[in-house]
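**Student:** Chains as they are written, first to last, in our numbering: chain W, 1 to 140; chain X, 1 to 738.
These aren't lab readings, by the way, just hints derived from the structure by calculation. Some clues are possibly wrong.
DEER-style ranges, computed between Cβ atoms [unchecked claim]:
hint	chain 1	residue 1	chain 2	residue 2	range
1	X	Pro198	W	Gly127	16 to 24 Å
2	X	Asp432	W	Pro27	55 to 63 Å
3	W	Arg80	X	Ala481	43 to 51 Å
4	X	Arg428	W	Glu126	42 to 50 Å
Short derived list, chain X residues pointing at chain W, Cβ under 10 Å [stated by the list, open to error]:
hint	residue
5	Thr612
6	Tyr613
7	Leu617
8	Pro648
9	Arg651
10	Leu652
11	Phe656
12	His657
13	Leu658
14	Val703
15	Ile706
16	Gly708
17	Ala709
18	Arg716
19	Thr717
20	Leu719
All values derive from a computational prediction rather than experimental measurement. Note that the Cβ used here is the ideal one computed from N, Cα and C, for glycine as well.
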Amino acid sequence: MRHVIFRVEKERYGLPLSAVREVVVPPARFTLVPRAPPAITGVMNLRGRVVTVVELRQLLNLPEGPTPPARVVLLDRGRRDLGLLVTDVDGIEAVERISTAPGRVTPAVRGVARLGGLGVTVLEPEGLDAAVVALFTPSK
Amino acid sequence: MTGTKALAEFVAEATEILDALGRDLLALDEVRGRDDADPERVNGLFRAAHSLKGLAGLFGQERIARLANGAEDLLDRLRLGRLRLDDAVLDSLVDALDTFQSLLAEASRGEETDGLSRRAEDMATRLARLGSPPRAAEEDPLERLELDPQVRAVFTEYEEHRLRENVRREVSLWRVRAAFDLSDFDQGLADLNARLKPLGEIISTLPSARPGGVNGIAFDLIFGAQVNGDALTSGLLGTPAELFQLPVRPVVGAMPVATAASPEGAPSPKARRGGGRKKAARAPPPSEETAPPAGEGAPSAPGVPPRMRAVPAVESAAPLASDAGGARPEAEPSLRSLTQTVRVDIGRLDGLINMVGELLLIKANLQRLAETTRQDGAIAVSKLFGQELARETRQLERKLEALQEGLLEARMVPVGQVFDKLARLVRRIARDAGKEIDFAISGGEVELDKLIVEELSDPLMHLIRNAIDHGAEPPEARLAAGKSRRAVVQLHAEQKGNHVVISVSDDGSGIDETGVRDVALARRLVTPAQAAEMSRRELLNLIFLPGFSTRDRVSELSGRGVGLDVVKNNLGNLSGIIDVWSERGRGTAFHLTLPVTLAIIRALVVGVSGRTYAVPLNSVLEILAVRPEDISTVERREVLDLRGQTLPFLRLARLFHLPERPVGRHFVVVVGLAQQRMGIAVDELHGQQDIVTKPLGGRLRSVRGISGATDLGNRRTVLVLDVAELLEEGIAQERRRA
Chain W
1 MRHVIFRVEK
11 ERYGLPLSAV
21 REVVVPPARF
31 TLVPRAPPAI
41 TGVMNLRGRV
51 VTVVELRQLL
61 NLPEGPTPPA
71 RVVLLDRGRR
81 DLGLLVTDVD
91 GIEAVERIST
101 APGRVTPAVR
111 GVARLGGLGV
121 TVLEPEGLDA
131 AVVALFTPSK
Chain X
1 MTGTKALAEF
11 VAEATEILDA
21 LGRDLLALDE
31 VRGRDDADPE
41 RVNGLFRAAH
51 SLKGLAGLFG
61 QERIARLANG
71 AEDLLDRLRL
81 GRLRLDDAVL
91 DSLVDALDTF
101 QSLLAEASRG
111 EETDGLSRRA
121 EDMATRLARL
131 GSPPRAAEED
141 PLERLELDPQ
151 VRAVFTEYEE
161 HRLRENVRRE
171 VSLWRVRAAF
181 DLSDFDQGLA
191 DLNARLKPLG
201 EIISTLPSAR
211 PGGVNGIAFD
221 LIFGAQVNGD
231 ALTSGLLGTP
241 AELFQLPVRP
251 VVGAMPVATA
261 ASPEGAPSPK
271 ARRGGGRKKA
281 ARAPPPSEET
291 APPAGEGAPS
301 APGVPPRMRA
311 VPAVESAAPL
321 ASDAGGARPE
331 AEPSLRSLTQ
341 TVRVDIGRLD
351 GLINMVGELL
361 LIKANLQRLA
371 ETTRQDGAIA
381 VSKLFGQELA
391 RETRQLERKL
401 EALQEGLLEA
411 RMVPVGQVFD
421 KLARLVRRIA
431 RDAGKEIDFA
441 ISGGEVELDK
451 LIVEELSDPL
461 MHLIRNAIDH
471 GAEPPEARLA
481 AGKSRRAVVQ
491 LHAEQKGNHV
501 VISVSDDGSG
511 IDETGVRDVA
521 LARRLVTPAQ
531 AAEMSRRELL
541 NLIFLPGFST
551 RDRVSELSGR
561 GVGLDVVKNN
571 LGNLSGIIDV
581 WSERGRGTAF
591 HLTLPVTLAI
601 IRALVVGVSG
611 RTYAVPLNSV
621 LEILAVRPED
631 ISTVERREVL
641 DLRGQTLPFL
651 RLARLFHLPE
661 RPVGRHFVVV
671 VGLAQQRMGI
681 AVDELHGQQD
691 IVTKPLGGRL
701 RSVRGISGAT
711 DLGNRRTVLV
721 LDVAELLEEG
731 IAQERRRA
């Protein structure tokens with residue numbers, strides 16, 4: 001299955017191509033949403049549509065890195081109003097043979113695969129969505 | 001609502017119902033003769049008849065109501081399987097629809113002719129008699145069909161069976177004569193068959209007794225039409241077919257259906273017995289009503305350009321039309337619509353509103369450009385050009401405003417629409433609750449955005465159920481309390497500036513605030529300390545808390561697990577606010593304050609700590625400049641003294657956790673909805689702008705205080721404050737700290 005491969009710092013991640021609508025350059029300034037969880041970077045207006053942008057690094061509880069995020073991966077289907085802020089997008093690759101990720105399992109991670117000798121963490125769109133929803137639940 | 005406006009509304013709504021009825025009938029008609037009619041379809045028809053009855057009753061259209069009642073009864077029996085959906089029933093329903101249309105046409109002109117009243121009565125009787133016990137020992141239906149014995153003799157057994165079946169079901173039978181050239185008759189016949197199939201059943205194909213000319217061959221097709229003569233005629237347009245209807249004599253012994261179906265003028269069966277071919281002097285079967293007037297009797301010879309004609313079955317016949325005309329004195333119902341209303345999908349209007357929103361942004365940019373051109377000498381253009389541009393831009397602005405206004409108006413519907421629906425339910429609710437209720441509606445003509453009106457029915461329903469169930473006392477209790485036996489529940493709408501206030505009130509027992517307090521304490525919604533500090537009004541407001549319900553006994557009416565908190569939330573989604581007033585023994589009133597529209601609103605653009613927000617202007621009362629020393633602290637919360645009134649003071653920066661800047665003075669935007677007022681402190685005022693609010697995604701919906709996002713034209717997204725939620729928050733804080 002073809003996946004969109006992107007990075008958070010040096011870590012590589014993949015999402016099924018069918019779950020991704022498009023990749024855009026983030027605006028110079030996001031509109032910050034007051035009282036939203038910190039992982040919510042803000043909202044942006046994409047051709048008349050309001051998109052909530054989430055920083056993937058914070059969503060997956062990854063440590064902070066030096067590189068500023070440079071791309072927004074916009075999700076498709078029922079998640080059109082959700083975008084993931086990532087370091088960069090590498091391209092589209094065929095990812096086969098996804099095996100269960102070692103260590104702790106989160107619903108956002110479907111598993112790991114090998115791609116060109118390097119590991120890729122394959123994400124689960126629904127799990128990501130659930131993780132975003134979960135951001136709001138403890139605070140409220 | 002009175003007079004022409006109410007009438008127009010009735011006609012519009014009734015037309016819609018009749019349209020739906022017609023559509024469903026048509027769909028049933030398509031499966032005519034088969035027993036696989038979609039039960040949902042029948043149900044839909046039943047509901048349509050039911051709504052029509054209610055609607056007509058509401059508007060005092062007695063004739064329509066009575067006939068609708070008949071139709072409803074019939075459909076009810078049909079729906080419950082007590083009656084088979086045969087052709088007699090279907091035809092009667094189609095005729096009933098015709099009658100409805102005529103009645104509505106008269107109603108729209110404010111007329112009431114005796115002829116039509118009689119026709120409606122007859123129709124109601126006919127509907128009532130349908131499905132009476134089946135006739136005993138009926139004669140062979142085929143005997144009733146007037147067909148040349150010679151033709152009958154050549155039928156196969158099966159064909160005869162099908163023909164009998166069709167006669168029994170009172171399908172209109174036709175002889176379709178078609179002449180083809182010998183060289184390609186097989187092709188032509190196949191084409192004709194293909195055209196006929198969707199219209200009914202081809203029972204038999206026989207070589208015609210009449211020769212088809214020198215190089216031709218003619219066929220007679222015996223055809224059971226599922227459509228009326230008109231449809232058949234038009235369905236065969238372009239083929240060389242000619243149509244002759246096969247007369248079917250009504251059943252001997254006057255079956256109610258048959259007599260009703262073929263009105264006066266039918267000669268006695270005896271008169272037409274005898275020879276194989278009969279005179280055509282007979283009443284037309286129902287489906288023939290719409291058959292085109294017959295031309296001359298003789299069929300055209302082959303070779304004549306293909307042309308459709310409906311002619312009687314015999315060459316020497318008198319024209320059908322004279323007969324039909326006698327039976328139906330009314331003119332054919334006009335197909336022209338009775339209403340000037342166009343029903344538009346609200347989604348399309350939303351699209352247009354969005355478009356206008358974008359145009360407004362472009363206009364704002366143009367205006368800026370024009371302004372720069374006029375003032376800035378750096379751009380080398382003639383002064384004249386600058387003036388011209390400015391003038392045209394102003395022109396554009398005016399036109400855009402008109403367009404916007406028109407579009408918003410198109411979305412407006414009277415709240416009466418939802419009021420009337422509620423009125424129909426009140427009686428039933430009251431009966432179920434064992435209460436005697438007078439329901440009074442006023443202000444139904446006040447207009448609101450269609451979307452808001454749609455969303456209102458549930459909350460209003462809930463409040464009315466509450467009023468009847470919890471508010472109004474049983475008749476005996478009322479008498480004992482020295483009140484009139486019947487309780488009054490009122491539903492009232494009123495426009496107040498940019499808002500519409502809808503109130504649901506009753507003259508019942510009122511809300512017992514101590515009971516409210518006890519329940520809130522028992523459910524741990526408040527602490528005893530908080531409760532002790534609360535005013536009566538604050539106590540009353542506890543009923544809107546999630547998890548609150550004043551009755552232990554779950555009533556079938558209100559206690560459906562949906563509390564007032566849901567009502568409040570629903571209103572919140574409409575940027576509305578709910579307020580309660582109650583006095584023990586005197587009654588309860590809920591006031592709903594709603595914006596007139598949500599589509600395009602005028603907003604005040606403000607800046608806080610370098611961020612920009614939009615505040616809907618319809619809730620802004622005034623703007624003040626306040627020095628820090630004017631702000632006082634009462635019980636650890638900041639308040640502002642405004643002409644002797646104490647206002648809660650909310651620092652937006654603090655609420656939103658933004659860095660606060662020390663300022664020499666605050667701009668305070670005083671907002672208010674219903675009775676509640678609050679001052680919101682901001683750093684800057686950027687002016688006013690028309691905005692189209694777009695909702696934040698589902699995930700951010702739980703962020704309180706923000707109703708959506710909008711675009712201000714500089715391609716930057718700006719959040720729109722939800723004043724209703726902010727007000728509530730201000731009051732909640734008040735409560736928490738109290």
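**Student:** Give a verdict on every hint.
**Tutor:** Here's how the hints hold up against the structure:
no.	hint	verdict
1	X:Pro198 <-> W:Gly127: 16 to 24 Å	violated, 52 Å
2	X:Asp432 <-> W:Pro27: 55 to 63 Å	holds, 57 Å
3	W:Arg80 <-> X:Ala481: 43 to 51 Å	violated, 58 Å
4	X:Arg428 <-> W:Glu126: 42 to 50 Å	holds, 44 Å
5	Thr612	holds, 8 Å
6	Tyr613	holds, 9 Å
7	Leu617	violated, 20 Å
8	Pro648	violated, 19 Å
9	Arg651	violated, 12 Å
10	Leu652	holds, 9 Å
11	Phe656	holds, 3 Å
12	His657	holds, 7 Å
13	Leu658	holds, 7 Å
14	Val703	holds, 5 Å
15	Ile706	holds, 7 Å
16	Gly708	holds, 7 Å
17	Ala709	holds, 5 Å
18	Arg716	holds, 7 Å
19	Thr717	holds, 4 Å
20	Leu719	holds, 6 Å
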